[in-house]
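Student: So you can see what is in the structure, the chains are spelled out below.
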Amino acid sequence: MNAMKVFILLISLFSASAYAVIDGHKYPFEDPADAARFEQLAEDLRCPKCQNQNLADSNAPVAADLRDKVYELMQEGKNDEEVVNYLVARYGDFVRYKPPFRIDTLLLWGAPVLMLIFGIILVIGLRRQAGASPSVLTAEEQQKLNELKARLNDSETTARNTNS
Amino acid sequence: MNRLLLFIPVVVFALMGIVFWIGLGIEDKTSLPSPLIGQPFPEFELGVVEDGRTLTTKDLKGQPALVNVWATWCPTCKAEHAFLNELAEQGVRIIGINYKDDDAKARDWLSLYGNPYEYNLADPAGKLGLELGVYGAPETFLVDSQGIIRGKHIGDLNPRVWEVFGKEFEALK
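Residue numbers (my numbering), protein chains in the order written: chain G, 1223 to 1386; chain U, 972 to 1144.
Think of the hints as simulated: they come from the structure by calculation, not from any bench.
Glycine included, every Cβ here is placed at the ideal spot set by N, Cα and C.
Just so you know, not all the hints are guaranteed correct.
Result set (DSBU-like, lysine-lysine): computed pairs, CA atoms no more than 30 Å apart in a straight line [to be verified]:
#1 U:1123 to G:1248
#2 U:1076 to G:1291
#3 G:1320 to U:1098
To list a few chain G residues with every Cβ distance to chain U over 12 Å, as calculated [as the list claims (entries may be wrong)]:
#4 1248
#5 1255
#6 1269
#7 1279
#8 1282
#9 1287
#10 1298
#11 1329
#12 1331
#13 1335
#14 1373
#15 1375
#16 1378
So here's chain U without its partners, still in its complex pose (with noise of 0.2 Å):
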């Protein structure tokens, strides 16, 4: 008996070996999950990166969309574009919003990579960008055409993360 509890330490070592190991897998260190899930899409009145015109929640309705966060002087935003763009071709209905930028930039960093958006949200301040919890460009939305927040990844969205991310987006239409 006393050498059985002798293993007692090498047990509990061994339990709690096993709980780190989990924690350590699915625990993403750079992704937190985010609160909004299932909560409606923050509330906004937003000048277009385009042409100026200014648009409200109500024009993000009607239609799933891909809402995306990005800045021009965000490298991963760059590295993820042209995913984007080939998305748009396939007909998925991408919203920008153009987080802590400048106007100007913005646009000439659309002439020169292509416009895969709808139209971009202005947020120079990111004050939408904190409504929406986002920390760090790129990220992306997956809202319902009720306006409704389905789904986020943060970082670069490419074919890989598509593969899983792409079936969510799906099943919303």
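Chain G with its partners taken away, still in its complex shape (with noise of 0.2 Å):
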């Protein structure tokens, strides 16, 4: 079991998330399942000074203000929504990784929708228009491809005669 232990604390320093796991030893939770969840909060809430670090991988003093207040909320009982909605009332939905389902962000959701029924009508047109092309030669057309044809072989006779 120790042996296990110390595994698990090995293979935690080659995650991503090494820092949520060394940082989680400031946050000590009776549940299992509340350190858990802490660690989930904590990757899925990003960090508002950074650009593109989540509150476990940023050591930033203000992520661990926020780490730390998360820790706070949850202590107090707090689910996390209410926990992530109340980071998002005092900063806004920058701190959240994914971004809610509004009327200003509806694009945002629905552009890979639009994108994908523009490419299904784009397929579907054109193999329409090549089903539809016209195969057949004009009467005039047929007659040129014929002397060309002619020419053609004339001229490889020719070819042949002369190599010979």
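The two chains are supplied separately, each in an independent frame; assemble them into the complex guided by the hints.
Tutor: The following block contains the structure:
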């Protein structure tokens, strides 16, 4: 069992969220499920000072303050949603990595669907056009083709004759 | 018709280019919009750096004010300090929040560079700062006479910023 613990600790040193684990020692939880919740929240919340780091990975002082606040709110018995809402009310939507679905984020969420629909329409359109394109030549074109073929045959014959 | 279809990628690329160009233009990555605008100033009960008396949210009300979050460890705060002194001379009410700082250091700083503040709230642990969504000093809030937050500026105050921010402040009177 002890070997197992050491193994898990060693593994955690190689994981991307090693900081969260190390910092986790500062935040004791009675229930391991709460510790997991805490780590998940620290992963999901974004450090407002940093462009693209979560609370677990950032060593900015404000990130440490927010981790402490998340811990404090959890100790008060707040659930994940309440914790996230508390921070969003102060720091704005920037702190969440998953943007909410609202009128002003409609384009963000809808754009991939719109792209897909556009792509499908494009593919259908192109296929239909390929099917409808005229494969039959007009009489005039057919005549020209025959002429060209005849000329090609002639020149080939001439070439062979000269070679031999 | 087939030839026209060939232009679709070009058109899509051009449209995306326009969207990104506009997006890059409007998004100032260093300042986040504050969700606190229109909200009452968070409740507090804090000591004053200068004399140690305790003040609460009530003391903020009565007149519109600039609430300036600063610290002695913050170089940009020093850069804007002269301009704050100027504003105070013009009669602008400025209240300071000494954010994650040491009272003695703050007093030294104020006697050295001048004190444009009506008073400075001591927030050594940054608790009020967190309530205000502060993530980097200096930050300045516009608070009206009812104690409602009406605006926020992240970064130093200077004459160029004040051209817009000052008008917002005057509008509160």
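Student: What hint numbers does the structure not satisfy?
Tutor: 1, 6, 8, 9 and 11
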